[in-house]
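Starting from the two chains in their separate frames, assemble the complex, guided by the hints.
As you go down the protein sequences, you meet chains A and B in turn.
Just so you know, we're using my numbering here: the first sequence kicks off at 1 and counts up by one.
Just so you know, we're using my numbering here: the second sequence kicks off at 1 and counts up by one.
Treat each hint with caution, since some may be false.
[To be verified] Non-contacting residues of chain B with respect to chain A, defined by C-beta distances greater than 12 Å in every case (computed):
(1) D32
(2) H78
(3) E121
[To be verified] Chain B side only, calculated, beta carbon under 7 Å to chain A, not exhaustive:
(4) V19
(5) L41
(6) T46
(7) L76
(8) I81
(9) A97
(10) L98
(11) I102
(12) I114
(13) V117
(14) A120
To be clear, the hints were calculated from the coordinates, so they are not data collected in a lab.
Quick reminder that beta carbons are idealized off the backbone N, C-alpha and C, glycines included.
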Amino acid sequence: MTTLQVVAPTLEVAVSVALLSFVVVVAVLTAVVRDVLTAVVVFAAYSLGLAILWVLFHAPDVGLTEAAVGAGVTTALFLLAISQTVRPAGGRTLVDPRTVKPSSVVVALGVTVGLLLTVPALPPVGAADTPAFGPVSDFYLADAADRGVDNAVTAVLVVYRGFDTFGEIAVVFAAAVAVLAALGRETLA
Amino acid sequence: MTDPLFGVGAWFAHAVFAVLVGVGLFVLVDDDNLVKKVIGLNIFQTGVFLFFVTSAYRADGKAPLVTGPGPYVNPLPHVLILTAIVVGVAVTAVALALVVRIYGEYGTLREDVIREVRAAERESAAAEAAEEGSR
Chain A
1 MTTLQVVAPT LEVAVSVALL SFVVVVAVLT AVVRDVLTAV VVFAAYSLGL AILWVLFHAP
61 DVGLTEAAVG AGVTTALFLL AISQTVRPAG GRTLVDPRTV KPSSVVVALG VTVGLLLTVP
121 ALPPVGAADT PAFGPVSDFY LADAADRGVD NAVTAVLVVY RGFDTFGEIA VVFAAAVAVL
181 AALGRETLA
Chain B
1 MTDPLFGVGA WFAHAVFAVL VGVGLFVLVD DDNLVKKVIG LNIFQTGVFL FFVTSAYRAD
61 GKAPLVTGPG PYVNPLPHVL ILTAIVVGVA VTAVALALVV RIYGEYGTLR EDVIREVRAA
121 ERESAAAEAA EEGSR
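Extracted from the complex, chain B is given alone in its bound form (with noise of 0.2 Å):
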């Protein structure tokens, strides 16, 4: 049976599944905010999400909620990206409390500002310690 519901597109989902994957990649290694880079994450994750839950899908399918004769969608995947939501929440917690963290270390949110802060403190270290073996 073919595909009501893209018809010829049905492969449209997938190439958006493949540019939000993209586009969260590109925001988490791109982006010199720490906090865009978690938005990055999340973008990319739900891009995933996106592939799972079409993965699930099918045209003559109903909710998965048995009430009458089928058929249903697949309610696995289902499952999995539920686990993967709260999962993601988690992650998303743990990096913003590292950011406000370092934010309240170097004054800072950009990471190409704290590479510097960073090589300045290791360089001082080092000279401190050259003059320490001169003496």
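So that you can see chain A by itself, here it is in the shape it has in the complex (with noise of 0.2 Å):
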């Protein structure tokens, strides 16, 4: 139990940093990738990454979503998209760097460094006296066990913020009646 105790967390360590690590190289492969099949395929990567990433920071029903959504749905439609249209004709595998815009470069840049100089002020990731954690998460949890609901994040998904959810519905109506009109398939027939 002890030995147990003392292996888990230096796994856990081990597997986040080199899953953030898989992440940030994956999401770079996808930026420097030409073709765009490619990029889809990398992405879907990517997305996978994150959702092993997002259970193992304690948040299994955002790893669950990111797999179906995020790595499944979205890839689906990528593909959908391509499938449309044109993929580059063959040639270089890699963009080229010299089709680079430094406007680009710079504005990418200045925002990665301006929030870089801001991580020193932030609380460390995993402190449990962080700002995140206020009295309204607190009560979450103590109701939602309280009323007999287990999963504190389905209880404020649909009961306490539901009008969030409400609302996230209407976005993605507004969303499929935008893609139909965009395609210009308004009607059925």
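This is the structure we're talking about:
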């Protein structure tokens, strides 16, 4: 028992750091491959890495949704869009570095460096006294347990913040209408 | 209590968040292919998800399935991210529908080519208008 407690956290550390590094590498790979189909497949691997990461961060609901929606539905949408269009003809595997615009490098680097500068001011990952842990979350956890709802995430999603979810459904409906309108398929016939 | 998950590198996940947002933004603004731009938008978005999920995490916490004594990780950011994932897919679907429509209209997915075609269209329209006026 004690050995397990000693071993388990270090293994978790190793897997988390490896997965975080994997996610960064795959994101960069998505950026540099030229072929769109390759980029979509690499992006699916990226989503899968994130899904495992969410489980390691004790967010199983987010992990399931990411695996089903992020790695599944999003990839299917991309493949559907690609099947309707063309892929760039053969040649280079990677994006030609000469076509990179200096202005976009400046924008992306500026945002990244700006965010990195704020990182030391953030509370460390895993600390229990961060501002994110307020009385609201404690109330959700305690009240959901009192009412016999074991999954606090579901309780917050459909009860305490049901209007958020209602808005989300409205967004999905609006998106479905927008897709049909953009593709010129408003009629069912 | 110190953080057993990341120890010295307690800020590593935050740094990854910054890098993912940067990479996503770079693809979004730099790549000429419209589908690649949508992929960049998705990377940007998942970078923000990483920030939320790590902010919900506490090293001594359990997954928010309330079956015994706590402490639990914060369920609220998880809920926000669940909503954001679904909204993100809706945004991706609309963006890709517009991309397919643009492809039907211009026969290309390259932003620079579309710009050229549009500029040429505007020029010929202006020339036609000038011809009409001179008559």
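Give me the numbers of the hints this structure contradicts, sorted from smallest to largest. 1, 2, 5, 11, 12, 13, 14
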